[in-house]
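Chain residues, written in single-letter form:
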Amino acid sequence: MISSFRNALDSGKFVVTCEVAPPKGLNLEQTGHHIDLLKDKVDAMNLTDHQSSVMRFPSIGGALLVKEMGGEPILQMTCRDRNRLALQADLLFAASRGINNVLCLTGDSVMLGDHKTAKGVFDLDSSQLVAAARTLEKGRDLGGNDLDGAPSFCAGAIVTPEANPLEPQLIKFEKKIEAGAEFIQTQAVYDLEKLKDFMDYARQFKVKILAGIILLTSAPMARFMNKNIAGVNVPQPLIDEIAGAPKGGAIAKGIEIAGRMINQIHSENICDGVHIMAIGKEELVPEIMASAGLTPAAS
Amino acid sequence: MIRSITKLKSEEEIFRLLEGLNRIFIIGCGTCVTLTRTGGAPEVAAMKDTLLESGKLVTGRVVVPVACDNLTSEILAEELGRIEQADALLIMTCAFGVQTVSSQLKRMVVPALDTLFIGKESGSGQFNEICTQCGTCVIGETGGICPVTVCHKGLINGPCGGTNQGRCEIDSNKDCAWTLIYNRLKELGRLDSMRKLQGPRNFLGEPTPGKYEMSES
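Chains as they are written, first to last, in this note's numbering: chain B, 4 to 302; chain V, 5 to 221.
Same shape as in the complex, but just chain V:
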């Protein structure tokens, strides 16, 4: 399953965003951020303590099941009294959740998390970015591994000079996409597809902001 991968902002940034906002309502989410332990019930409780210690008043807190779902407003309706007492909602979900709440409640929102990427769980507690939704899928020629995403530079013609024993120049914990692709294509007997000189990429497969409307039929 794909998950929205998040990380807690620094306390310094959170308190900067909350400057002048004293009454806070905290919202977590029961889905991705619960799994990554960045915005589930324990993290929301810890945030409440942090805010109280710093002299803020917490009007309430809730962990909604799926913050990005359109039903979130109905769940939050039960908390409306305590939400209305707050100067701001501190939201411990990914940016999809923050924007869902913001658009539904039309109240001041402060994200407590940074949304890093949409990730695939590749092992217990391990998530990898494997697709950045570029709109021009190239993995038919790269053994099913996306160089646009997995290569730090998004290179489509092979490794850069920074590749080092299968690792990326920016972080020895990150795989070199082109070592992965090479190994996969070799295994499949399809190295020829790596030999093809690819022309410049189309970076505007779907120009941002992406928008999709199902055609009536």
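Only chain B is shown next, with the shape it has when bound in the complex:
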């Protein structure tokens, strides 16, 4: 087996992944703290790749740090900043350092980030990046040339189960699986009935699906996501619930809501696991897991 994350996926257990964001700069203290806190509690942690097109320490550097600290990294790679030569080279480098889990993303437009006039590359798209990883595994590059030493990957991609319109999104989802994606982490879902509808369809494919859970931290944050994040829809009753939390208790309520959702996804066997995005509050992931009744991965 090429990674403990793939072992976890194959084991049939309820898989938990989370996200760790590399820092803006060289101070790795907080990133290291989050890794240390989470590495034995989750099955793997995603290292975000200039998330929202904000330039940061590289995801591959974060993945190396996770590896060095004894954790299991999932290297996020977007197609926004690198052409096919650079992407393949970074895949080879990752594999050479034992980083074999890769999440292939198209990437946000640079216009959403902090270098708004940069050139967006998009030489490949997410499905083509999955295919590129699979091509490298066969000992060839995208130019059709032989490689001296081939890597192996546990390659995944994402889907937005509440995209509107939905069908184009599902067509792309199927292409990602055709390209070789073996796991899928979803965009944040809050309406579990809609997630069930999506899973009724998605179960026909041989792919492991981890439901995306974003920790709600306040009612304004939920409304902000509804307005600004494509495919994220926090239902009004959940917004009311967090708005009704006692003063200073919104985060505790958010943890409770996330825990409740994860518990239901787990107990009703809706998905193969969850991907918890605590966005800047990674230290709360253990509390969310505890609230969901999940025991740490290592135990």
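The hints are simulated quantities; they were obtained by calculation from the structure and are not laboratory data.
Computed from a prediction, not measured in an experiment: that's the story for all the values here.
Heads up, none of these hints are tricks.
Coverage of chain V stretches by chain B, computed from C-beta distances (three or more under 8 Å per stretch; other residues unrestricted):
no.: 1; region: 160-167
no.: 2; region: 197-210
In silico lysine-lysine, DSS-like type, Cα no more than 27 Å apart, as pairs:
no.: 3; chain 1: B; residue 1: K197; chain 2: V; residue 2: K190
no.: 4; chain 1: B; residue 1: K119; chain 2: V; residue 2: K178
no.: 5; chain 1: B; residue 1: K230; chain 2: B; residue 2: K256
no.: 6; chain 1: V; residue 1: K178; chain 2: B; residue 2: K230
no.: 7; chain 1: V; residue 1: K52; chain 2: V; residue 2: K13
no.: 8; chain 1: V; residue 1: K200; chain 2: B; residue 2: K209
no.: 9; chain 1: V; residue 1: K200; chain 2: B; residue 2: K141
no.: 10; chain 1: B; residue 1: K119; chain 2: V; residue 2: K11
no.: 11; chain 1: V; residue 1: K11; chain 2: B; residue 2: K122
no.: 12; chain 1: B; residue 1: K16; chain 2: B; residue 2: K284
From the structure, some residues in chain B lie toward chain V, with a derived Cβ separation under 10 Å:
no.: 13; residue: R87
no.: 14; residue: M114
no.: 15; residue: S130
no.: 16; residue: N167
no.: 17; residue: P168
no.: 18; residue: E177
no.: 19; residue: E181
no.: 20; residue: A182
Where a beta carbon is used, it is the ideal one built from N, C-alpha and C, also for glycine.
Add chain V to chain B, keeping to what the hints say.
Structure of chain V alone, referenced to chain B:
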């Protein structure tokens, strides 16, 4: 008809480009920039006033019929006296016009406009970029809608995660190309062509700078 779509540069940039150049001759164009109101007769007249207010001297102005045409130099020949009195030509045409004048007159040119795209008029006063002349046309599989151009990221395998109710993540006034393509293919009963996993694009259909010479026959 296709049109060269332009927008006026900021005054700050224009005056930076004109620094040390005091005698200015202004050239507009009677075609695309007249239609988009960025370099027709009224805009050229307004530019003249702006320059005069800032203390520049305007030696003359003219709106040529089609600035990118090779006949432009002949039309400008009538103005040669006033052109020669100028330190620079401030040109309110698209970059095709600016470069035509520059190569024909071999004088200092300053573009007053930015050329945004080659657009198709899709409604009164509305222009859309629908082709970027990539040299590897894919629209036979996308219902006649170009994802290379209309998708902000030029994606050829379907929408990204930023697609939002038919709109693009960079601007809610811009359509998501893949929603348009999906709707068109669905209407045509050809959604299967969207299901085909496309390999990496050839970005060098015609390596820049494009060059074409008709073969003798």
